[in-house]
Amino acid sequence: MIKIVKRDQPSRAIFFLTPVLAIFLTLVAGGLIFYILGFKPFEALKFFFIVPIADKYGFSELLLKATPLCLIAIGLSFCFKSNNWNIGAEGQLTFGAIVSGGVALLFYEQQGFYILPIVILAGAIGGMLYASIPAILKTYFNTNEILVSLMLVYVSKLILDYLVVGPWSNPEGFNFPETRQFSDSARLPLLFEGLRIHAGIFLALAAVVISWFVFYKTYLGFQMKVSGFSLKTAKYAGYKGKKMIILVFLISGACAGLAGVGEITGPIGQLHREVSPDYGFTAIIVAFLGRLHPVGIIFASLVVAITYLGAETAQIFMQIPKYTGQVFQGMILFFLLASDYLLFFKFKFIGSKK
Amino acid sequence: MNTNLKISNVTKIYPGCVANDNVSLEFNSGKIYALLGENGAGKSTLVKILSGVIIPDEGKIYLNENNLKLNSPLDAKKNDIGMVFQHFNLFETLSVYENLIIDSNEQREVLREKINTIMRKYNFSIDLNIPVLNLSAGQKQKVEIIRCLIRSPKVLIMDEPTSVLTEQETSELFLSLKKFSEEGILIIYITHKLKEVMELCDEVAVMRRGKLVSVSEIKNENIESLANKMVGQNLKTIKKKKEKSSSDQLINITNLNFISEDPFETNLSNINFSVNRGECLGIAGISGNGQSELFQVLSGEIISDKNSIEFNKNYIGDLNPQERREYLMAFSPEDRLEQAAIPQMAIFENVALNNFKSSNFFNNGLINENKIKEHSKKIISDFNVNTNNIELKSQFLSGGNLQKLIIGRELITSPDLLICFNPTWGLDVGAINYIHETLIKINEQNKSIILISTDTDELLKLSDKISVIHKGKLSKIMDAEEVTSEKLGMLMGGGN
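Here the protein sequences come in this chain order: A and B.
For the first sequence, my numbering gives the first residue as 1, with consecutive numbering after it.
For the second sequence, my numbering gives the first residue as 1001, with consecutive numbering after it.
So here's chain A without its partners, still in its complex pose:
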């Protein structure tokens, strides 16, 4: 007979093993779905997870997709670790892209080393501004940050839509919904000839290192952690809890904004209607799959990035709609949440009752 027993202490090993278990279960369930759809499961999984990254180009594409996911998830980890549920990274990304894109358009005929830093900074500031809205409403008006940040996503997308169709649309662009091309000085340089991977990856790696340092090594990080667990304790210790809440939102917004910068100043080089295939939402899964830990987030962003690529290969070679990618993302989160049960409970095998 199997009995379920509560653990005395959540197991540290299980804490890092459950994401692996979740990925494994996702593969099994995915294979099963392919089988039901009439495909050979192993072959389908191969198209989904191995073929896309089998060559140099594919690997570059993997890093290209993982970069924004990692960057956003790092920012979100600040919010989530301190119990602030910022669901609107997609909006902060979009708004960051709008602001940095706007700045890049100002310089569209100019060249100069100073342009790119200004464009990058503008993106971070745009993301911060947009994240400050739910933060301030939460701290001073007790609104729910989940709703506010989520709804602002749609606002930002409509603003972007209006700009690329209307005032910012390319005068020589035959009414396509996109802006002019940015000047080369406003673009993140590509790292290798013929590949799309660009310097944005360094922004993501810097964010990983900085977030690890701030959260685990500084007094500021300690205060954020305490404020996240309990505002009452923060008050008792004499920390400024409300400022901490606003701060984590700003950090999160800045990271999402930078991801937005990477999307428009990288390979594409202009603002258009769809700057992000829902990276801001998918990054929520990445953050949790990575256990909100900087190193974990690196791995998680790579795993989840494959689902974007796999969906495209599967569409080309197997004629399955590319939304299968989202099915896989959903399954990862589902199985992760389910296997978290093992953190607090364990199965105990006992002999039959007398």
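Hint data in this document are derived by calculation from the structure and do not stem from the laboratory.
Do not take every clue at face value.
As the list claims (entries may be wrong) - EDC-like, lysine to aspartate or glutamate: derived pairs with alpha carbons at most 20 Å apart: (1) Lys232/A to Glu1334/B; (2) Lys1219/B to Glu1169/B; (3) Lys242/A to Glu1323/B; (4) Lys1378/B to Glu1338/B; (5) Lys6/A to Glu274/A; (6) Lys217/A to Glu1391/B; (7) Lys1393/B to Asp340/A; (8) Lys232/A to Glu1486/B.
Unchecked claim - Reference excerpt, derived from the structure (chain A facing chain B, CB under 10 Å, subset only): (9) Tyr216; (10) Tyr219; (11) Val226; (12) Phe229; (13) Thr233; (14) Tyr236; (15) Tyr239; (16) Lys240; (17) Lys243.
We treat Cβ as the ideally placed atom computed from N, Cα and C, and that holds for glycine.
For chain A, the structure is supplied; the task is to place chain B on it using the hints.
Here is chain B on its own, set in the frame of chain A:
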């Protein structure tokens, strides 16, 4: 139609605490019964057993000789036992009418007729169509009462019903309760307010520390005798040895006020007191009379007028807790798990919560983990915390060990003043003794204590001077030698 409710040998044990110790009681309709006791005396547990919320470990309940099996609140309802809790269980955004019919499967027309009859009969005037959130506390309570009356209950239990009511609403409630009683509903009234017992009830059962102390008729009692029974008498023997304390004033509070925006908090008005070095000032009172607010004002979680608090010749009323710690104050809040410590964090991280400049826990904005760990090890050994793993998450410490860690954290910096709020709440006897000895030791080292506590025994044992807080006002400060438990009980209940 006579109703007889019998509680027979009911026992309920929680880890580390016997909430009900072999309690037997009998009630008959036509009378209003009071169940009286301090916080934690076990009266709430007993009525929760009667209403099916808690299942007792032992004992039986009989209604008119029938043994009741009360495994859920629904069972209690089916057996005609109605209960109005202290905190309302209403859906704020639904209308009064929707709230009334929500748990009933009778026909709508029949129900509406019933509700109208009840409203007419008892003169309740409430608009049935407005949402509950627009009602006053007194009206919400009426909705709860109507919801019970719809089921024509034999027994109606009221749990501290007047704590949210105005004087006017209270007297209206009493009129209704007397009417119900005349109509044959057995009424059990839970309270710690002595005056209300005298005014409303016919018989009174007193509980203390889980045990039934006495059952008597009101006409044979007065406020003093009830206070005595409620608080208990045999206390003087364990008092600390009193020495003549210094006249060197450490903290002086003058004309301190706090007006809260939160309707569930208590306002503090015109608080004045001072504490000398080496002295312990005890502040007694029934919980919810402003203790929590007073603690927060003293600790700096609530900022007040700069000049209202003078500590060691500095005016510090406008400083936050961290800044006050620099002046050598220390604080031990009531809520160990939600305020004084963070259960999900390691022991050494919790130690870092009490941080001031000279502790060097954080240098140039960086965490000095070695320093914190070294300090934590010292606390653990100096204050007998039963673990040697400072990386352990503090949720795995027992209540007693956690409290030792908290008190140790606050004391190891040798502060001049420790302010503590219910420091032994929920602890076992061994831990209580350890904390008490520690507090006595602080006084012997010529350091001072402000002890806010709802435990009268503890206050009489540790304090040099005692004051009582009632509805946000402090009584005059009395010499602990001259205070009797009788007098304390009376002041706590709002008497003179």
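Can you list which hints this structure breaks, lowest number first?
-> 2, 4, 5, 8 and 17
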